[in-house]
Amino acid sequence: MLLLIPLIPFVGFLVNASFGRRLSKAASGAIACGVMIASFVLSLAAVVQLVRVSPLASALVARVFTWITSGDFSVGFTLRLDSLASVMILVITGIGSLIHIYSTAYMHEETDSEFARYFSYLNLFAAFMLVLVLGSNFLVMFVGWEGVGLCSYLLVGFWFRKKSAADAGKKAFIVNRVGDFGFILGVLMVFLRFGSLDFQEVARSASALSPETTFGAVSLMTLLLFIGATGKSAQIPLYVWLPDAMEGPTPVSALIHAATMVTAGVYMIGRNAVLFSHAPQTLTIVAIIGAATALMAGTIGLVQNDIKRVLAYSTVSQLGYMFLAMGVGAFASGIFHLYTHAFFKALLFLGSGAVIHALGGEQDMRRMGGLKNALPITYWTFVIGAVAISGVPGFAGFFSKDEILARTFASGHRVLWIVGLFTALLTAVYMFRVVFLTFHGPRAPEPARPEHPEEEEPAAHASHAGPSHASHLHDAPPAMAFALIALAIGSVVAGYAGLGGRFEHFLAPSFGVETGGVVFEGVSEGVLTGASIVTAFLGIAIAAWYFLQHRSSADALARRFSGVHRLLTNKYYVDEIYDAAIVQPIHIVSEEGLWQIVDVKMIDGAVNGVADTVGGGSAILRRLQTGSVRAYAASLFAGVVLILGFYLWR
Amino acid sequence: MPSINDYLVLSAILFAIGTAGVFVRRNLITILLSIEIMLNAVNLTFVAFGRAFGAPEGQIIVFFVMTVAAAEAAVGLAIVIGLFRHRESLDPDTFTSLKW
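If you're matching them up, the sequences are chains D and R in order. Following the working numbering from start to finish, the first sequence increments by one per residue and tops out at 650. Following the working numbering from start to finish, the second sequence increments by one per residue and tops out at 750.
For reference, chain R alone in the conformation it holds in the complex (with noise of 0.2 Å):
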């Protein structure tokens, strides 16, 4: 039986994962999948303390954090439609027109 440590070390080591990922990779539907990831290890912590606590506040919260993770992942992703249409690039360095 894994005691809330070993889930938070999991969740720490895919929000580690997902943080490095939207660094270093040059993909902008990568570095959105990175972001998926932490939301998820973050929903991991939620989900552990919830039934480590017995409150079903913690359950209640990930289905929100879903919710939201479904609608960003769309918005995203138009988002980044509409990039590529305009710069044929996906490489976030590219996009600099805000720069002083």
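This is chain D alone, in the form it adopts within the complex (with noise of 0.2 Å):
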């Protein structure tokens, strides 16, 4: 049954990137969104057996085949099911079920052909995502954690014929490589040190170890799979490729973010909590890369216009707390906050797709505004989404949020827990300056052609409530708003099943670690989760001030601060410092060096020279044929001669 888990979807893909050509939209929509819900359906059932059938302790294990023999070293095609990977299913199927739901009407403007090879690359991603958490030790993680990465390439650069989309999907591809890089040395070094590379045994014989000291072997490999994690969850310094992966489809987007991809790091790193939490450095690391990532995207998505943007940046805010919890040991809040968190991101990502849907292509905030009463759904979805992410009580992200500073505090990391609590305000504030931007305040004036060709085809609309133009506005149509509105009830409830420690209780036997109850050193639960309190709504106060009643204020204290505005305005400038320092050195490398110097004088001039040898020996050699019968003659009978004296004066 756990084969099947990921095998549906992956025959899904099969199927339409086979038949999906001659497959009509309705038929290749199905079927993706079909083996999906199979998919849940199936993972529902198993967690169901997990849960009921074994004792807490143990999982569910599929051993499909065996893979590689040498040796005594084996590693099977095992499938491993517990308590980890059971919540990673279910939030991999499902929401990625309510994506496929709602991409049918999303994409629904494109070709035909061109709509099956969105769903086969959507179902590639599940299944890939998939074999990822299933995996039962590192070898299989690496075929989900390559193939994730291979269809990130793939959906990114979806539009490829759109220049920025094919490089913003080369960009995701090339910056996951130097993360996957990192990944392979520490699973070598895993291998190398314990000899296996079950997560089974490798917990087991790193948890014989005691805690390194100081920087050693474990710390050293842990920090190796911290850059596979940071590689592909988006963190310092690998997080370039998120904020340009905004150039796919808006769904591609919720599920890279949300429901797969990102969270993998965050998963790999909870999966080897026993291992992790044997190397103290790298933890601290983890939480310090976490914070800085946090506090760092949470800045640069205040001043973004682009709505896209604004949430690319806000999920590698929110990954850096799952990060930060993860380095104060606290797995399973960061655990808790990935599942939080890919509700009411899929949320805010299908409901800005919504927006954009309906404006024709416009992504731009500042071309938006006073669209609540047009789009009611997507708006009051939206908002949801926005005070859950926000972290206002109630709602999926204060538990999630609180529960990681509170851990970060009781951890003794004061200065971690300052800078993630200032990352919650801003949190509140950007999120809402995105919701008073877009829905509220004046209506902008009429659109600037939109940018996607794609989405402004004639006959685009035709299936929805009416034409394209701005002054026709059209709410979510159905598939869409099916989506949103079962995000916004997962968003408000999914917080709920971690009250009273149930998620942590629950999630316990997969780390095998012994998180401890949370001690707190002179301050009460109560005054931190209070301070969370606090900084939520002073955060949506402050974008309530900035952006719906003054806004002019808001222009003033960018014009005031123009450089801290320029500088947050162009992303601290990384891309173009990684450009200087790693993509201009490779080019010029390449070029001069590499290009006209090996391949040009070195390879070139190797071929060439045997030509030019040849050809210059023939020139000489030539002469020989003077095209004088007489001369020919002549040489036939010195040759003659020679060759019979030869003989006889021997």
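No lab work stands behind these hints, which were simulated from the structure alone. Quick reminder that beta carbons are idealized off the backbone N, C-alpha and C, glycines included. A hint or two may mislead.
[What the hints assert, rightly or not] Some chain D residues close to chain R (C-beta under 7 Å, calculated; not the full set):
| # | residue |
| --- | --- |
| 1 | V629 |
| 2 | A633 |
| 3 | S635 |
[Unchecked claim] Label-pair ranges, simulated between beta-carbon atoms:
| # | chain 1 | residue 1 | chain 2 | residue 2 | range |
| --- | --- | --- | --- | --- | --- |
| 4 | R | I731 | D | D599 | 53 to 63 Å |
| 5 | D | L644 | R | E722 | 52 to 62 Å |
| 6 | D | M602 | R | A670 | 53 to 63 Å |
| 7 | R | F703 | D | V641 | 22 to 32 Å |
| 8 | D | S635 | R | E722 | 40 to 50 Å |
| 9 | D | S635 | R | V730 | 14 to 24 Å |
| 10 | D | S618 | R | I710 | 24 to 34 Å |
| 11 | D | S635 | R | R676 | 13 to 23 Å |
| 12 | R | F703 | D | A633 | 47 to 57 Å |
| 13 | R | E722 | D | M602 | 51 to 61 Å |
| 14 | R | E722 | D | G605 | 45 to 55 Å |
Need the complex rebuilt from these two chains, each delivered in its own frame; the hints are there to steer you.
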């Protein structure tokens, strides 16, 4: 049964990839959604079986086949479902299904074959992600790990005829390769140190060790694994691909940001909780990187004008929270935030997709505004998502974020706690900035022509309420509305799963680490929670003050701190720095060194040199071909005389 | 009664004359004639040896050589005529189209 969970979406991929050209949109959409829902139902059944039949400590294991056997080393293609994996597969298939359903409406303007291609990628993405979380050893995980990297490339560059989209796809792939390199090295080190790639065995071997006080082998391997995680999960220094990944279709962003891909790094650390908890120094690095990423991305998110970019930086920031949680040893809290974040981030992305869809491809918030009445479903669901991510009590984000902050505080990292709290404030501000700029205020003047030619085909909106003209805004069509409402409900209720530590208790056997009771020194948990709540409302109030009522003062503020504003608008010039520090040198070395010297001079030189030698030699030798019959006869005669003479006078 | 050596000397002289003719003369027909002389010099050797050793093969092979020489003369003259029609010349030194 476990095998079927990733296999069914894979079959969907095969069908849509092979016959998609001949299928109608309804058929290929139905296949893609059907396989995802089937996978979701199977996942539910598997989780129910896990919870009911097995005692808490065990897991469902399906050994599909033995993959590699070499001496006493053996790696099986084995799937393993424990509580951690069960959370992940429910998120992937559940939210994935909703995104598939939403996509049937969102991508309706594509041609039949493009539509099928899109859904085949989407299915493949889900299949690889399921392999990643279900794999019971590093190698199977790595298959999924690389697979989602491939799919992100395919989907981010889905509109590959647009150069920026093709570039973004390449960027996503290449940046991920850098991280994957670290991951491979980490896996090799794990194998060298423990002689096994199975998560269970590695954890068992690692738990026999005492935590490293100095930076040793375990610290190094966990650090290498973490580098892999920074690539997949968009942390400093490898987060740069994620904002650019906005070039893909919006549901893809939702899928990458919420259900799949970026959660892989967090999941991987959670999966190796035992290993990581034996490397306290790596954990400190993880926590610091997480907090720094959260803060950095949060500040960038404050000033971006592209609605999807704000959400992208918000994802980076929230992933920073997850890593912060992992870093302070609160593995369950990190996974809990991953789980709640999946709901509201998918919701926010799909909501922004509905806005973009309604405006015929407009993504710039400065040209939006006043959409509240025109798009009621989108508006209300988006607000729920924003409230949830801001950490307003009662909504999903509050529970998980508060827990992370509390754990950070309890672990003694006071500075990181302050950074986290400040980022929470930033989160509330930038999310409500989006809400106010997009849905409130005056209706912006007629938007410029959309940037996505794919989204402005004349027949595009025939199936919807009206034409795409901005004055005839239409709210989300049924398929999109369904996904939005379902996710909105999830964004409200998902957090209650964590009440009273139930979520943590459920996950505990997967981590195999005693996280221990939370000890609060001097400050009670109530005070911390109070601080979180105040922060959230303060952030919303700031956003309301600047972006709802006094927009001019926001501009004035931007002018007053124009240096800071420019720094943030240009994303701390990180792309430029990377370009100057890495891309350009590689470019120069490739062009001046590898091309002009190695390729042109050495390789071409060797090839041409051989040809030139032969040519030169024949230029000399051809002078023998005088064309004179008598000369030939003379040489013939001379030859005969020489040979005869040789034999006669020998 | 001439000894075999006398025949061989004569044959060598004839062969040298033929060779010299091939090298020296500038007329294709003369060159063909010189080649015939060389062939006959060889024929003479064959016959001389055949007689000296009482072996009939020496006589037989001469007939083959003569047949081939006749065919060669026919083909050679045909080529010479063809060349002359094209080039209005029989000097082999002017036929250098195959030169580099």
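Original post:
Taking the beta carbons of M602/D and A670/R, is their distance inside 53 to 63 Å?
Top reply: For M602/D and A670/R the Cβ distance comes to about 57 Å; the hint holds.
Original post:
Can we keep the S635/D interface hint, with Cβ of chain R closer than 7 Å?
Top reply: violated, 11 Å
Subject >> Hint check, V629/D versus chain R [nearest Cβ-Cβ separation less than 7 Å] >> reply: holds, 4 Å
Original post:
Is 47 to 57 Å right for how far apart the beta carbons of F703/R and A633/D are?
Top reply: violated, 32 Å
Subject >> Hint check for V730/R and S635/D - Cβ pair distance inside 14 to 24 Å >> reply: holds, 22 Å
Subject >> Restraint check, 7 Å cut-off on beta carbons, for A633/D near chain R >> reply: holds, 6 Å
**OP:** For S635/D and E722/R, compare the CB-CB distance with the range 40 to 50 Å and indicate the outcome.
**Re:** violated, 21 Å
**OP:** Indicate whether the distance between the beta carbons of E722/R and M602/D respects the range 51 to 61 Å.
**Re:** holds, 57 Å
Original post:
Okay, L644/D versus E722/R on CB: inside 52 to 62 Å?
Top reply: violated, 23 Å
Original post:
Is 45 to 55 Å a correct range for the gap between the Cβ atoms of E722/R and G605/D?
Top reply: holds, 53 Å
Original post:
Do the beta carbons of I731/R and D599/D sit within 53 to 63 Å of each other?
Top reply: About 60 Å separates the Cβ atoms of I731/R and D599/D, which means 53 to 63 Å holds.
Original post:
Measuring from beta carbon to beta carbon, are S618/D and I710/R in 24 to 34 Å?
Top reply: With a Cβ separation near 46 Å, S618/D and I710/R fall outside 24 to 34 Å, so the hint is violated.
Going down the numbered hints, you'll see the structure goes against 3, 5, 8, 10 and 12, while the others check out.
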